[in-house]
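Protein chains: 2
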Amino acid sequence: MSEQLLAEALPGQTGDPREEFLSRAEAIVGAENVIHPGAPEGYLDPYPLNAGRDRWPGVRPGSTEEVQALVRLAGETSTALWTFSRGKNLGYGGPEPRDQRMVALDLSRMNRILHVDEELCYAVIEPGVTFFDLFEHIKKRGLELWMSVPALGWGSVLGNMLDRGYGMTPLGDHAKNLCGVEVVLPDGELLRTGMGAMEGTELGPIFQGGFGPTLDGLFTQSSLGVVVNAGVWLMPAPQVYANGDIAVDDESALPALIDVLTTLRREEIIQNNALCGNVVRAATMRGARRDFWDGEGSIPEWRLEEMRQEFGLGQWNCKFALYGDRGLVERRLEIVRERVAAAVPGARVDARIYEGEDGLPIQHEDIAELDRTQMAGVPTLKPLSTIGWAAEDGGHIDAAPILPARGADVYAFYSEVKKLYAKHGFDLYIGYHLYPRHMVHVTMIFFERGNEEMLGRARALYSELLDLARSKGYAPYRSHVDYMDRIQAGFDFNGGAALRFQELLKDAVDPQGIISPGKQGVWPARLRG
Amino acid sequence: MSEQLLAEALPGQTGDPREEFLSRAEAIVGAENVIHPGAPEGYLDPYPLNAGRDRWPGVRPGSTEEVQALVRLAGETSTALWTFSRGKNLGYGGPEPRDQRMVALDLSRMNRILHVDEELCYAVIEPGVTFFDLFEHIKKRGLELWMSVPALGWGSVLGNMLDRGYGMTPLGDHAKNLCGVEVVLPDGELLRTGMGAMEGTELGPIFQGGFGPTLDGLFTQSSLGVVVNAGVWLMPAPQVYANGDIAVDDESALPALIDVLTTLRREEIIQNNALCGNVVRAATMRGARRDFWDGEGSIPEWRLEEMRQEFGLGQWNCKFALYGDRGLVERRLEIVRERVAAAVPGARVDARIYEGEDGLPIQHEDIAELDRTQMAGVPTLKPLSTIGWAAEDGGHIDAAPILPARGADVYAFYSEVKKLYAKHGFDLYIGYHLYPRHMVHVTMIFFERGNEEMLGRARALYSELLDLARSKGYAPYRSHVDYMDRIQAGFDFNGGAALRFQELLKDAVDPQGIISPGKQGVWPARLRG
Chain A
356 MSEQLLAEAL
366 PGQTGDPREE
376 FLSRAEAIVG
386 AENVIHPGAP
396 EGYLDPYPLN
406 AGRDRWPGVR
416 PGSTEEVQAL
426 VRLAGETSTA
436 LWTFSRGKNL
446 GYGGPEPRDQ
456 RMVALDLSRM
466 NRILHVDEEL
476 CYAVIEPGVT
486 FFDLFEHIKK
496 RGLELWMSVP
506 ALGWGSVLGN
516 MLDRGYGMTP
526 LGDHAKNLCG
536 VEVVLPDGEL
546 LRTGMGAMEG
556 TELGPIFQGG
566 FGPTLDGLFT
576 QSSLGVVVNA
586 GVWLMPAPQV
596 YANGDIAVDD
606 ESALPALIDV
616 LTTLRREEII
626 QNNALCGNVV
636 RAATMRGARR
646 DFWDGEGSIP
656 EWRLEEMRQE
666 FGLGQWNCKF
676 ALYGDRGLVE
686 RRLEIVRERV
696 AAAVPGARVD
706 ARIYEGEDGL
716 PIQHEDIAEL
726 DRTQMAGVPT
736 LKPLSTIGWA
746 AEDGGHIDAA
756 PILPARGADV
766 YAFYSEVKKL
776 YAKHGFDLYI
786 GYHLYPRHMV
796 HVTMIFFERG
806 NEEMLGRARA
816 LYSELLDLAR
826 SKGYAPYRSH
836 VDYMDRIQAG
846 FDFNGGAALR
856 FQELLKDAVD
866 PQGIISPGKQ
876 GVWPARLRG
Chain B
356 MSEQLLAEAL
366 PGQTGDPREE
376 FLSRAEAIVG
386 AENVIHPGAP
396 EGYLDPYPLN
406 AGRDRWPGVR
416 PGSTEEVQAL
426 VRLAGETSTA
436 LWTFSRGKNL
446 GYGGPEPRDQ
456 RMVALDLSRM
466 NRILHVDEEL
476 CYAVIEPGVT
486 FFDLFEHIKK
496 RGLELWMSVP
506 ALGWGSVLGN
516 MLDRGYGMTP
526 LGDHAKNLCG
536 VEVVLPDGEL
546 LRTGMGAMEG
556 TELGPIFQGG
566 FGPTLDGLFT
576 QSSLGVVVNA
586 GVWLMPAPQV
596 YANGDIAVDD
606 ESALPALIDV
616 LTTLRREEII
626 QNNALCGNVV
636 RAATMRGARR
646 DFWDGEGSIP
656 EWRLEEMRQE
666 FGLGQWNCKF
676 ALYGDRGLVE
686 RRLEIVRERV
696 AAAVPGARVD
706 ARIYEGEDGL
716 PIQHEDIAEL
726 DRTQMAGVPT
736 LKPLSTIGWA
746 AEDGGHIDAA
756 PILPARGADV
766 YAFYSEVKKL
776 YAKHGFDLYI
786 GYHLYPRHMV
796 HVTMIFFERG
806 NEEMLGRARA
816 LYSELLDLAR
826 SKGYAPYRSH
836 VDYMDRIQAG
846 FDFNGGAALR
856 FQELLKDAVD
866 PQGIISPGKQ
876 GVWPARLRG
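Chain order of the listed sequences is A and B. This note's numbering puts the last residue of the first sequence at 884; the count rises by one with no breaks. This note's numbering puts the last residue of the second sequence at 884; the count rises by one with no breaks.
Pulled out of the complex, with its shape left as it was, chain A reads as follows (with noise of 0.2 Å):
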């Protein structure tokens, strides 16, 4: 199924099947749970990458036995449910469904914290709760953890995690922190993975890996069940915190800046993902485009230059953090600031200490504002300004494919992007996400909503951003609802073998084809093409 096909009826249904499942599920959910098509508050993706989509219908439910029951009716009345925790997946299609005729399946209303455990740094949650819910929890009670958050904080934790997203801690690679799943599978049955099949255990959330193949990771980015909830790994909350940043002028530099650093990471020196963003992304975060140019096409490299001087930053602008104690925390600094030096002439290595009293652990209230960032694992929703970028009423769509951790491969891939960018007039905005072995190479393109002439260029642009990445090798993490399939057709080993195991799994475990269709190009045997 193409994304030619977004705003078709399923095969073998008439009229609009979703009403029979909306009514019915008024008794299992109550009626202010269930949302009709053509309702104001029906779903969207608030950045529609075409116009005249319409809104959603949708059912909340309130529990793990609601979940239980909606399924069952979907089955029963073959309605395609797309499910998601707050939603908040912007940049990828937020709330929305891959097909016009899915109802959607909120978890939202799902949002109780069952456990959090100081000793074993762990958490039971359900998919409902939010990364600022998780942060006031744990501070409300006191507890000496902390926590990892991606770039917005009012997203679901679970949600995050189960589409393989990134926080900035330590614990940033959140899918590796997912400890045991609740789900409920499509025929309604309830699964729990790993050691918690055990009745009467607590090892469920502690220890990843039951008895048998591991299944945990078949449900994150899935179409094979709904999550109800989930064991998180948390870190104490360490002793000294710091905060650093490292500016590089010169922006031939990026390779051996990239070098450096995951090698830094490779070593466990630097020990959350640094970051290392451009000045494009450092303006967004400084007012909207119109604020520093207001010509056509990309922001010219004369002006971008001027602008670094007036912000008084480098071409590149990184950030790292480091956790541990004094002794440990100033090591490592000074580590840093060797290797980079070394690596790197005239880079400038800036960092701020923070230390608990005592020898207790700091205080996020200690840490000054401008580092009490995601790096400190605090929830924020400061990037939200970055929205306004292109225009007033602003989108954006996110492209974040993966890269091997190597300075020479990244420039090279930096510099055909950028042409691609020029190309279709818009400004490069790039933040790399440095892991060990790995990098992710974010960007955004920003546009105006609504606005087709830019919309289409936008599209454009994303395109061959794809196009260029796979021909590299390369592919995104995770992807925007409209452009799943393409993305899944890349992965072509062996004429797509890895396509039809995930269709064959899917075809078991969802025979009817009800659990978000087409979730990353995986669709059931009745929707397949």
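These aren't lab readings, by the way, just hints derived from the structure by calculation. Each hint can be trusted.
Facing chain B, from chain A, some residues (calculated, C-beta under 7 Å): (1) A552; (2) T569; (3) T575; (4) I842; (5) D847; (6) A863.
Below are the SDA-like pairs computed for lysine to any residue, each with C-alpha atoms no more than 20 Å apart in a straight line: (7) B:K774 to B:E660; (8) B:K495 to B:W509; (9) A:K495 to A:P716; (10) A:K674 to A:R663; (11) B:K531 to A:D528; (12) A:K737 to A:D726; (13) B:K778 to B:S653; (14) A:K737 to A:R727; (15) A:K778 to A:E651; (16) A:K778 to A:P655; (17) B:K827 to A:D472; (18) B:K773 to B:D822; (19) A:K674 to A:E606; (20) B:K674 to B:E689; (21) B:K531 to A:R621; (22) B:K773 to B:E661; (23) A:K773 to A:G786; (24) B:K531 to A:A530; (25) A:K774 to A:A815; (26) A:K674 to A:D614; (27) A:K531 to B:D528; (28) A:K827 to A:D764; (29) B:K531 to A:E623; (30) A:K827 to B:E557; (31) A:K531 to B:L526; (32) A:K827 to A:A767; (33) A:K531 to B:R621; (34) A:K531 to B:K531; (35) A:K495 to A:V479; (36) A:K674 to A:V595; (37) A:K531 to A:V795; (38) A:K778 to A:D649; (39) A:K494 to A:H719; (40) A:K774 to A:R814.
Treat the numbers as computed from the prediction; the structure is a model and nothing was measured. Glycine residues also receive a C-beta, built at the ideal position from the N, C-alpha and C atoms.
Once you have looked at the hints, place chain B on chain A.
Frame of chain A; chain B shown alone:
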């Protein structure tokens, strides 16, 4: 299917249906790589828990294409294959299949090291590659990489990883360092998981996760396919390595000791899975039981105390390691000393620091033999000598339940396990492996091979140990082939939903039920009771 059925024919089979498969397999792998029933080079658990087992026939493919052809032939002839890599899973059944009518699929000839990347710290290898092989390859090429090795170095790197075994460096949780697998599916098709599913990419062994559900975990402790190569992460050789010991004389100090060490793990001060063993464990490395005690039953407490003093050890003897540069390692060691002294009065901490010359990584040759251990990623066969503990012709079975990393819980379990060992007349061998949130309670039961009286007691003890663990919500993280069904039965949430789900996957992926039937208690439809 229960253990009692081990020696019976598979349903619907008469005579020895393996002969057709084996004779036709000769055309695929050559006659010299087919082992027929009754042949002396056939496969057997070296430490069988029941006498009178026959050696298994087997096939030894040399390439992926041969594995594909064998799997297709197995499908045609309805022959069940039991996959292993080197067959060195000692204490868990070695190469032994679950059922007398199976054919061993021995992957030891597939022993190519396909790629080792020094910069990004990973290898791509085939299942026949042993820890010794990979270590020697790295040394020969002079690569500055360290690997993680388990107790014995002759086993398969992939076999251990896919059975979710452990090593003792910071990368000791082996399954976490698995990155991308190439698998022959039960229909003979070739699947690559993760990013490796793109033709022409190099991201396969670099990034964990592809597009859609993460599949690597499905092929651990699994009967869903035959892994023919996989990516394995390595670490950069550190500049400084320290190996430390902690000795504690008071048995009842165990809870405080466990709590302080696992706290240090959670804070990433201690970077590897520290080990904590008792006096019996120390004695097994110094001789045979008869060298210390010649009476019946468990060695009495007073004698163990004498032995402890003769050895100059504690009741509890821990080992840990540190990795980094001198400043970081020294500070880590100071913290370990301070914390242990505060938590466990009287504990003795001793450590040796090894530093590479001129700022270069430490070389294994420059580490004293005492500390040139698995914690430094050096493969060895030394622990093999412990097999002679109970008798010259000795064997053992291993039990390794997972426990939460809480001292009080561990001590309560220890006290009950101790009584069980005394009841059945065995010496309690304890080796705790300490992780941030969980611990592995490794015990071995040493016996004399073929001594039916002793084997009967070993089986009774093992069985009661499993019951005790289950009663507390604990389960082993892997298992001897004879106990797989029984342990799987303990995963009883929602009437065994986890097993039903695994069976659903098994039947979808392997409808003929030819790959490792019964692995971890998951049987294909045709063999379910």
